[in-house]
Amino acid sequence: MKDISLVLKMMLKEKKDILFSVFFGFLAGITAVSLFAASGYLISQAAFAPPIYTLMILVASVKLLGITSAISRYGERYFSHRGTFTILKNIRLKVYDQIEPLASRLLQKYRSGDILARIVGDVESLQHFFLRVFYPPIVLAAVFIATIFFTMYISAGVALTMSAGMIVVLIVFPAIFYMIQKKAALSMREKRGVLSSEFTDYLYGFRELTIFQQAERKEQQLFDEMNQYEEMKASENRQLAIREAIVIFFSFFIAIIILVQAGFYVAEGNLAGTLLAMLFMIAITVFEDTPSMAVLPAHLEESKSSSKRLIEVWENEEPSKVAVQELEPDLPLHFDFKDVFIQYPNEKKPAVQHASLQIKPGKNIAIVGPSGSGKSTLMQALLTFAPVKSGHILVNGEDINTIAPDSLWEQMNVSLQHNHFFYGSIYENLRFANRNASAEICRDALEKVQLTHFSLEDQVLEKGTNLSGGEKQRLALARLFLREASIWLLDEPTSSLDSITEQQIMNEIEKVTKYQTVVTIRHRLTGLESMDRIIVMNQGEIVEQGTYTELMGKENGYFKAMKELESQQLAF
10 MKDISLVLKM MLKEKKDILF SVFFGFLAGI TAVSLFAASG YLISQAAFAP PIYTLMILVA
70 SVKLLGITSA ISRYGERYFS HRGTFTILKN IRLKVYDQIE PLASRLLQKY RSGDILARIV
130 GDVESLQHFF LRVFYPPIVL AAVFIATIFF TMYISAGVAL TMSAGMIVVL IVFPAIFYMI
190 QKKAALSMRE KRGVLSSEFT DYLYGFRELT IFQQAERKEQ QLFDEMNQYE EMKASENRQL
250 AIREAIVIFF SFFIAIIILV QAGFYVAEGN LAGTLLAMLF MIAITVFEDT PSMAVLPAHL
310 EESKSSSKRL IEVWENEEPS KVAVQELEPD LPLHFDFKDV FIQYPNEKKP AVQHASLQIK
370 PGKNIAIVGP SGSGKSTLMQ ALLTFAPVKS GHILVNGEDI NTIAPDSLWE QMNVSLQHNH
430 FFYGSIYENL RFANRNASAE ICRDALEKVQ LTHFSLEDQV LEKGTNLSGG EKQRLALARL
490 FLREASIWLL DEPTSSLDSI TEQQIMNEIE KVTKYQTVVT IRHRLTGLES MDRIIVMNQG
550 EIVEQGTYTE LMGKENGYFK AMKELESQQL AF
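Here the numbering used here is used: the first residue of the sequence shown is 10, the next is one more, and so on.
Check each hint, because a few of them may be wrong.
[As the list claims (entries may be wrong)] No farther apart than 20 Å at their CA atoms in a straight line, the calculated lysine-lysine pairs in the PhoX-like style are these:
#1 Lys98 x Lys457
#2 Lys372 x Lys523
#3 Lys200 x Lys242
#4 Lys358 x Lys457
#5 Lys313 x Lys347
#6 Lys118 x Lys398
#7 Lys372 x Lys118
#8 Lys357 x Lys191
#9 Lys242 x Lys191
#10 Lys18 x Lys372
#11 Lys313 x Lys18
#12 Lys317 x Lys118
#13 Lys457 x Lys520
#14 Lys24 x Lys118
#15 Lys523 x Lys369
#16 Lys347 x Lys103
#17 Lys357 x Lys313
#18 Lys358 x Lys313
#19 Lys317 x Lys200
#20 Lys118 x Lys191
#21 Lys118 x Lys18
#22 Lys18 x Lys98
#23 Lys369 x Lys398
#24 Lys103 x Lys22
#25 Lys347 x Lys317
None of these hints come from the bench; they were simulated from the model.
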């Protein structure tokens, strides 16, 4: 039950449509049986050539049952599909609500293609649970039971045979097929996730694959994965076809047995001959929808697998505290890290450990250290994107996890190492930061970051593939000039720029952030003399912190050694 708990909870919200679906499904099934039963009886009676007026009631009944069957079948389709689509909508909303707060962590744990396969393919697969697993057995069982009760008044022996057939079709066959399905363990969902991930890698890395002449090898790998998936799909379809054939053959076999049995009763004089055709038509019609029971185990296992794959995305994630506090827009923010320990999923070493520091309002702070020392992770923690395992990050004395992220981000201007650009114009990508920014303000922002050669109408391709590394960094910084924020978080904002352009842009940033809090991650150690505080990191730990003068005054200090080494390299 745990594996399908997600879809069951969503179904409980649509009780009205489910009840209407079952009601109209039962009505459609029982009127279909009644229609064919009346038709068989009418044919038998007509064989004796009675006066036409004696058959008028039967003829009218057949017409009424035909109309009722059509209307009820429409009602069944309408309510079952409306319920299914509403359930799917609720599942999608539930999945989004669960994964949205975990987005940054999930992309460190799962491949993007796998996540896409889960939230699209697996969610879509769950529609079969109601339409193919939950609903058909209930309707079939209800129709069978009603038909058997009616048949008992005609022939108890025929009713007993029909009951045996019902038990085999509704219980025995599905149980056997389900055990076979579990034993086969066709991991279609997992294979689809792998294929989606591999294809995403191929698209994103096509340029590099081509340059290193590995595109053909990757294509062959993709074709192999696709062929394996197609073989698994074909094998599954063959098994389903065989199971449907078995159920159809058995249903027809039961109908023949009932015909022979009823014929024997007629020969013995225990059953009227006019009822023979009616019983045969009942047997054929009542078993008409039984092939759906052949595919039920496959859809049940598919639904369980899909639900499990979705739930496991957020199930093992640590529940975060409920964000209930909204920050006041104009309130200066004071950040306090207290022995913070951060470790990413599937990583053996912590990214940050025993980090304690303060970021006071209006201060200009630099974070320096070698690559992989935890600088970017520290900034991610300020954005609530990093998984803090222990310790606390306080904002004005309150735990950061209790603060609504939107109210925190509203006061931040952020430029990360990798910034995303959308397909569209330069103007559209700039206004992403401020929808009210005019064309004149956007041109001024481009001028501040030395991108005057760009027109606002120039096209930006998906992920900014037509921009150089330096142009991407400058366009990302141009966004920041379009919105007011009390805190600027800059992760190596000018690492791809020449020193002259870098200095010009940093001067522009200093002008607009004179009274703001600025946290900058840097690799180069030049221009740090004016910093209010320098945080020095190595192997995930803060090894030193202080002003430039304080750090340079330390004998055998780590920062001083880094600075001297950089000076020696620049001298060469």
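key: Satisfaction of hint between lysine 317 and lysine 347, Cα-Cα up to 20 Å   = Distance of about 37 Å is beyond 20 Å: violated.
ask   = Does the alpha-carbon distance linking lysine 118 and lysine 18 stay inside the 20 Å limit?
value = violated (27 Å)
query = Is the Cα-Cα distance between lysine 317 and lysine 118 20 Å or less?
reply = holds (17 Å)
key: 20 Å limit on alpha-carbon distance, applied to hinted pair lysine 118 and lysine 398   = Satisfied, since the Cα-Cα distance of roughly 16 Å is no more than 20 Å.
task = Compare the distance between the alpha carbons of lysine 523 and lysine 369 with 20 Å, and conclude whether the hinted pair is satisfied.
result = holds (14 Å)
message = For a C-alpha distance cap of 20 Å, please report whether lysine 358 and lysine 313 respect it.
response = violated (35 Å)
message = Just to be careful, I want the Cα atoms of lysine 118 and lysine 191 compared with a cutoff of 20 Å; is the pair within it?
response = Cα-Cα ~28 Å, so violated.
query = Does lysine 357 pair with lysine 191 here, judged by a C-alpha cut-off of 20 Å?
reply = violated (35 Å)
key: Restraint check for lysine 18 with lysine 98, where alpha carbons must lie at most 20 Å apart   = holds (13 Å)
ask   = Taking 20 Å as the top limit, are the C-alpha atoms of lysine 369 and lysine 398 close enough?
value = violated (24 Å)
ask   = For the pair supplied as a hint, lysine 18 and lysine 372, is the alpha-carbon distance within the 20 Å limit?
value = The given pair, whose Cα atoms are some 50 Å apart, is violated under the 20 Å limit.
ask   = Going straight from one Cα to the other, do lysine 200 and lysine 242 come out at no more than 20 Å?
value = holds (10 Å)
Against the hints set out earlier in the document, violations occur for numbers 1, 4, 5, 7, 8, 10, 14, 16, 17, 18, 20, 21, 23, 25.
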